[in-house]
Amino acid sequence: MKFSKPLKISLAILILTIVSLYIVLPAKIGNFSVPRINYQIGKIDLSKEIELKQGLDIKGGLQVVLKADMNNISESDRSTALESLKDVIGRRIDLFGVAESGIKTAVSGDDYRLILELPGVTDPEQALTLIGQTAQMIFALPVYTPGETASDSAILSDFAPTDLTGADLQKAQVTFESQDRSPAVSLTFKESGTAKFAKITKENIGKPVAILLDGYPITMPTVQTEIINGSAIITGKFTTQEAKALSIQLNAGALPVPVSVLSQKNIPATLGADSINKSITAGGIGLSMVILFMVAYYGKMGVIASIGLVLYGIYTLALYKLIPVVLSLPGIAGFLLSVGMAVDSNILIFERYKEEMRAGRDWRVGLELAFGRAWDSIKDANTATIITGLILINPLNWSFLNTSGSVKGFALTLILGIFISLFTGIVVTRNLLRLFFKGKSGMSNIKSKI
Amino acid sequence: MNWMKHLSLYFIISAVVIIPGVYSLFRFGLRPSIEFTGGSRFTLVAVVSPPETLLQSFKEYSPTVESSDTQGLTFKSKEISQTEVLSILDGLKKENPEIKLTNFETIGPALGKETIKKTVNALIISSLLLLAYISLAFKRLKYGICAVLAMFHDSAVLLGVFSLLGHFRGVEIDLLFVTAVLTILSFSVHDTIVVYDRIRELSHKNKNEAFAPLVNQAVTETMTRSLNNSLTIIFMLLAMFLMGGETTRFFSLALLIGTVTGTYSSTFTAAPLLIVWDRLSKRK
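Line order of the protein sequences matches chains A and B. Each residue of the first sequence is one higher than the last, beginning at 1 in this note's numbering. Each residue of the second sequence is one higher than the last, beginning at 1 in this note's numbering.
Just so you know, the hints here were simulated from the structure itself, not pulled from any lab data. Hints are supplied without guarantee of correctness; some may be wrong.
[As the list claims (entries may be wrong)] Facing chain A, according to a computed beta carbon distance under 10 Å, are these residues of chain B, among others:
#1 Ile13
#2 Thr37
#3 Gly38
#4 Ser81
#5 Gln82
#6 Gly112
#7 Lys118
#8 Asn121
#9 Asp191
#10 Tyr196
#11 Glu201
#12 Trp277
#13 Leu280
#14 Ser281
Every residue, glycine too, gets a C-beta built ideally from N, C-alpha and C.
All chains should be modelled from the sequences, with the hints used to inform the complete structure.
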């Protein structure tokens, strides 16, 4: 069996539509549950419904920009200190049990910042108090209580703090052992710490010493010898990754950075739910009006363009779920706007087609010519939109351009919209027209004489 | 129809729309939100005391009442921390036992200044890139310059209207507004390019025809497309403006105004400017 080219492309479009529908549809519609396939592609589990990621302005929660006070940190250590700060605060957020929290670092000139997004936090005051503390690191000796019976091993019950703290630590770094090149972490103490550390190591040879960060032990190496020069190495069966993670945690203590709130926004969840419902209603009404207009003005062609428009909506939502695009309210606005713009290429093509028909061409020729000639305008015009879209998205994160999440979200939906609408407006409608559309014949037809 | 006969009329219409806005822009300026100025905004519910009492309690932070409705009483003030708000509220508990903070937002002044700078950068870079792109695509600088002028025309309308809205209705300019302005820049250019594209195509076909009739033909041929495309966008935006959420209401309005002026300017500003340019260069 041989398929014609439009038929082949249409089949491909059909498959794409089914796949997209599968992704877009919720697992249950009323009493009917959509059958799920038990299959995984990379991280995407097809057996479950893929969630549309909602932004903080919809879910509600707390957004904070923290400023790190780097006055006491030497210039060269500042980016290390910021990484450590991110690690410490990230762990505190985890303690708070916030799902899908986001934490990002940003450097703007001399300003070092952390941007936190904590969805679902209802008590911002408490969250900020917990998060905003400066990291406290102390060296401590583990205290064991004997087991209840002689056969039980001793239980680690407490830590006895020493006078050695993070303030005495100069810096932690990943090093590699000279014999077998295995990763390890080196500690360098300040003058104030060298003597204290020497005393601790002298008294505890063969015993473990714990390093506590915010009260939690991050490592508990066993002292091998007395160390008097203030320079130690923690070895273990580390991978490079683990050694790096440990050095970041140790630096959080060595390079304590006080933070202050630069900006804060508490968003109640109800506001978002209300807005999203309104946006969906508005979108539905807008879409119906666009479809009504297209059908009223362009007739059969308008129907096909409307099918293209609905497909546009399905593909776009599927992509939002797959990428995933975090949908904020401005993002939804961007999506709705792009629906309005999506028919632009169709309108350009249909107007061209009308002109070609007026010029007396056969409809088949007219259709192909219209697609070909409209492409120039479509290409040039959309390039301009993509240029501004890219400036808003700021993909390379240039510090002299916008870095706000909501603006980026809007621009991303706009740019995605352009590419998908080019596909549905040109490839999809062209093939549907080739298959299902029959126009009036032009004057070049030979008529039989009656 | 000879659209290009009444060039001065189009420029007068533009002037009539732009001048009040621009006057307001210079006289009153825009009303920047705390995203640009830095400061705090917070909403209190279950307030029993009159707003004046509350203003008095927060007077250190020069507060103003921004809105008062079923959602609560919303204040705007200089930068204040949540802890400070809560401790002041504690002092008000006697008369207002149920008083509660529901919404809180604060932005440091440094962050605000930075946002303004980044916005200006984005506007300059977009304009330059679009100028370069159009000049290259049409291989003539005049197309680029005229398209960018039409784009400034649209921004002037939009900024002017929002300056008036800010002065009379207290509408604020926020980061979303900036996004709307940038989107409108690209939409304006998008429409202009479709018209210019037709001018280019026609001038290849009819090498000997004078420029003005050529532009007129191009404008006539693209008019329906321009109107229809804008209509579909306007349907969407109108629905969003009338029925969408509060957060994006003025964002939709800004896009709506931009779409209307963008459609007008591509036909009645960008194309006539080309003719004016052509006449001026021939006079020399």
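Comparing the hints with the structure gives:
Interface hint at Ile13 (chain B): violated, since its Cβ lies 24 Å from the closest Cβ of chain A, which is beyond the 10 Å cut-off. About 12 Å separates the beta-carbon of Thr37 (chain B) from the nearest beta-carbon of chain A, more than 10 Å, and the hint is not met. Annotation: Gly38 (chain B) was flagged as interfacial toward chain A, and the flag holds, the nearest CB pair being 8 Å apart, inside 10 Å. Because the beta carbon of Ser81 (chain B) sits about 6 Å from the nearest beta carbon in chain A, less than 10 Å, this interface hint is met.
About 6 Å separates the beta-carbon of Gln82 (chain B) from the nearest beta-carbon of chain A, less than 10 Å, and the hint is met. Proximity of Gly112 (chain B) to chain A holds as hinted, the smallest CB-CB distance being about 9 Å (cut-off 10 Å). Annotation: Lys118 (chain B) was flagged as interfacial toward chain A, and the flag holds, the nearest CB pair being 5 Å apart, inside 10 Å. Checking Asn121 (chain B) against chain A: minimum C-beta separation of about 5 Å stays under 10 Å; hint holds.
Nearest Cβ of chain A to the Cβ of Asp191 (chain B): about 8 Å, under the 10 Å cut. The hint holds. Checking Tyr196 (chain B) against chain A: minimum C-beta separation of about 8 Å stays under 10 Å; hint holds. With 10 Å as the threshold, the beta carbon of Glu201 (chain B) comes within range of chain A, its nearest partner Cβ sitting at about 7 Å, so the hint holds. Proximity of Trp277 (chain B) to chain A is violated relative to the hint, the smallest CB-CB distance being about 20 Å (cut-off 10 Å).
Among the interface hints, the one on Leu280 (chain B) is violated; its C-beta lies about 26 Å from the nearest C-beta in chain A, farther than the 10 Å criterion. The beta carbon of Ser281 (chain B) is not positioned within 10 Å of any beta carbon in chain A (closest approach about 24 Å), and the interface hint is therefore violated.
Consistency note: the structure conflicts with the earlier hints numbered 1, 2, 12, 13, 14.
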